[in-house]
Amino acid sequence: MYDNRVSGYLYIAPFLIGLATFTLFPFLASFLLSFSDYQLQDPVEQARFLGLGNYTQMAGDDTFHGSLGVTFLYVFITVPLKLAFALFIAFVLNFKLRGIGFFRTAYYVPSILGGSVAIAVLWRYVFAGDGLINQVLVWAGGEPLNWLGEPAYALFTVVLLRLWQFGSAMVVFLAGLQNIPTDLYEAATIDGAGKARIFFTITLPLLTPVIFFNFIMQIVQAFQEFNGPYIITGGGPLKSTYLLPLMIYEEAFKYFNVGYAAALSWVLFLIIALFTIIAFASAKYWVFYGNEREDGE
Amino acid sequence: MAKGRVLLRGVTKCFGAVDVIKGVDLEIAPGELTVFVGPSGCGKSTLLRLVSGLELPTGGSIMIGDRDVTLVHPSERGIAMVFQSYALYPHMSVAENMGFGLKIAGLPKPLIKEKVAKAAEILQLTPLLDRKPRALSGGQRQRVAIGRCIVREPEVFLFDEPLSNLDAALRGQMRVEIARLHAKLGATMIYVTHDQVEAMTLATRIVVLNAGRIEQIGAPIELYRHPANLFVAGFIGSPAMNFMDGIVEAVETNSVSVRLNGATLRLPRHDAAVKPGAKVTVGIRPEHFRVGPTPADMDDDQAVEFDAIIDLVERLGGETLAHLRMPSLSDGVLVVKISGDVPLRIGTGLRVGIRLAQCHLFDADGRAVGEPAARAVVAA
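Residue numbers (my numbering), protein chains in the order written: chain A, 1 to 297; chain B, 1 to 380.
Just so you know, not all the hints are guaranteed correct.
To be verified - Only pairs whose alpha carbons sit at most 27 Å apart, straight line, appear in this in silico DSS-like list of lysine-lysine:
1) Lys22/B / Lys284/A
2) Lys115/B / Lys103/B
3) Lys22/B / Lys96/A
4) Lys195/A / Lys22/B
Hints are computed from structural coordinates only; laboratory data are not their basis.
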C-alpha cells in the first residue's frame with residue numbers, strides 16, 4: 001500500500017532540512033554559546049560555561065552602550081522617515097496618469113537594489129571626499145563636506161541608504177492604496193472634504209493595517225541593518241555608525257569572541273521581539289481593520 | 001424659484017474616444033422621482049455622475065435650481081448621493097458617517113448631533129448610531145447611506161443603483177422605504193437602476209437610456225402602454241414583449257393590416273405612416289395573451305385566436321410562463337403569461353387569444369407606428 005504521508009514529507013523535506021540547518025540549529029547553538037566563553041579559534045570543547053557572564057559583561061561595556069544608542073537612533077530615524085517616504089512615493093504613483101506603470105517600475109527597481117552590497121559600495125564612492133555629492137555641492141557653489149568622516153554626516157549617509165530602499169514598503173503601500181474603494185473618495189468629495197482632509201481622514205485610517213505591517217517589517221529590518229555601516233563607514237567615525245549587528249559581527253569574526261557575540265545577538269533578538277510585541281499591543285488603538293465590503297448579515 | 005429642478009441641456013460626455021453621453025436634454029421638475037434606466041453601458045450612471053459633479057461634461061450645461069452648476073464642485077451643488085456600494089467610511093461610526101459632511105462644513109457639534117438624530121429617527125437608525133458599518137446588515141448600511149444624504153438637506157438626492165447589492169427580499173423592502181422617503185421628504189430624486197421593476201414601481205417619470213441617448217421619457221405606465229420604439233418596448237415590462245416580423249398588407253384610415261408568418265392581423269391604428277409592403281414589427285406583451293375561451297364581451301374585431309404548441313413551461317406559482325410555438329404568428333417561440341397554475345403539458349396544443357388593440361406596431365426603424373386607435377379601450 002502506497003503511503004501518501006511519505007511523499008508528503010519528501011516534498012517538504014528540502015524546506016525542513018534548510019530550516020533545521022540554517023535556522024533552528026544556529027538559533028539553539030547561539031543560545032547555548034551565549035552562556036559560554038567560546039572563542040572562534042578554539043575547539044568548541046574548550047568553551048567554558050559562564051552562566052550569565054556575557055550578559056553581565058554587557059552591562060559594563062561602553063562599546064555596547066554606544067552601539068545600542070546608535071542603533072536606537074538609527075531605527076528611530078529611519079523607520080518613520082522610510083515609511084513616510086515610501087507612502088509619499090506610493091501616493092504619487094497611485095495617481096491615474098498616462099504611463100504610470102512605467103514610473104512604478106522605474107521607482108521600484110532601483111530601490112530594491114538598495115539593500116545590496118553593490119549599492120552600498122556605490123554609496124561609499126558617491127559620498128567620498130571627491131565623490132559625486134561633493135562635486136555637485138562644489139558645482140552649486142557650496143563647500144564640500146566630509147560625509148564619511150564627520151560623525152553626524154556619516155550616520156546621515158547610512159540613514160539615506162536605508163531610505164533609498166523604500167521599494168518594498170512602497171509596493172505594499174501602493175497595494176493598500178489601491179484597495180481603498182474610489183467610492184469612499186467620491187463620497188468624501190461630495191461631503192466637501194478637500195484633498196488633504198481626504199488623505200488624513202479617509203486614506204490614512206484605512207491604510208493603517210498596511211502601515212502596521214510595514215512598520216513591523218521596517219523595525220525588524222532596521223535593527224538588523226549591517227551592509228550600510230559595514231561597507232560604507234566600517235562603523236566609524238568614532239563608532240558613530242557602529243550599529244549592533246556590526247558589533248556582533250566584529251565581536252565574532254574580528255575579535256573571535258563568539259560567546260559574547262552570541263549573547264549580543266540574543267539581546268538584539270529580545271529588543272526586536274519587545275518592539276514587535278509593543279507594536280502589536282498598541283495596534284488595537286490605532287490600526288483599523290474590518291474594511292470588509294460584503295454584507296455581514 | 002425652482003428649488004430642486006434639474007435641467008440638462010445638450011449634455012455630452014466622452015471618455016477618450018468613447019462617446020458615453022451623446023447629447024442629453026432633460027428637465028426634471030422639483031419633487032420628482034426620476035429613474036434613469038437602461039442596459040449596462042447605456043450611460044445612466046455617467047449621466048448621474050455628471051449631475052453630481054463627480055464627472056464633468058464634455059459639452060452642454062447642467063442647472064440645479066436656478067444655478068448653472070456645470071463646473072461647480074460636487075459639494076456645492078446641493079446634491080447628495082447614495083452609492084451602490086454604500087460607500088460608508090468603515091472606520092467611522094454610523095453617527096460620524098452621517099455627520100461627516102456637516103463637520104466639514106463647520107457646523108457646531110450640537111447642531112450636527114441634532115440633525116443626525118433627526119435623520120436617524122426617520123430611518124430607524126437611532127439604536128445603531130454608535131456602531132461601525134461592519135456591524136450592520138446590508139439594509140442597515142443602505143439606510144445609513146441614505147441618512148448621510150438626508151442630513152445634508154440637499155436639493156437633489158442621487159441614487160446610483162442603491163439596491164443592487166441587496167438580496168431580493170431586502171431589495172423589495174428598501175424599494176418601499178425609498179418610495180416612502182420620497183413621499184415624506186418631497187425632494188427631487190434621481191435614481192439609477194438597470195432593474196425595470198424598480199424603475200416602474202418607484203418612478204414619477206422614467207428616462208430610458210440606450211447607448212448614451214434618451215430613448216423615451218414618461219410616466220411608468222405611459223412607457224408600458226405606449227413605448228415610443230422597439231427598444232423601450234423590449235426593455236420595459238417583464239417578461240419582455242414578444243416581437244414578430246411582418247409586412248404591411250393594407251393601410252386604412254383606422255387600421256393597418258399586417259401579414260405575419262401565417263396570419264394577417266388588422267391592427268387598429270390612426271394615422272399610420274406606413275405603406276403597404278413595408279417591413280414592420282408587431283409586439284405583444286406576454287400578459288396580453290389570453291388562454292381559454294374568449295369572453296363574450298369582445299367583438300370579433302378586437303380578439304383573434306390562434307393555435308399554439310407548448311414548448312416549455314415555467315411555473316412561478318402565482319403565474320405561469322408558457323413558451324409557445326404559434327406558426328401563424330412567428331417562426332420563433334412566444335412567451336405567454338398565464339395567471340395561476342394552469343395545467344399545461346409540453347408538446348400539447350392550446351388555443352391562445354390576443355386583443356388586437358393591445359398589439360404594438362413598429363416600423364422598420366423601430367419607431368412606434370401611428371396613434372393606437374384603441375388607447376381608451378386599453379387604458380380602461
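Pairwise hint evaluation, lysine 96/A against lysine 22/B, where the allowed Cα distance is 27 Å at most: Within the cut-off at roughly 25 Å; holds.
Is the hinted pair lysine 22/B and lysine 284/A satisfied, with a Cα-Cα distance of at most 27 Å? violated, 51 Å
Would the hint linking lysine 195/A and lysine 22/B be met if the CA-CA limit is 27 Å? Distance ~31 Å between lysine 195/A and lysine 22/B Cα, so the pair is violated.
Decide if the proposed pair is consistent with the structure: lysine 115/B and lysine 103/B, CA atoms, cutoff 27 Å inclusive. holds, 11 Å
In summary, the structure is inconsistent with hints 1, 4 from the numbered list given earlier, while agreeing with the others.
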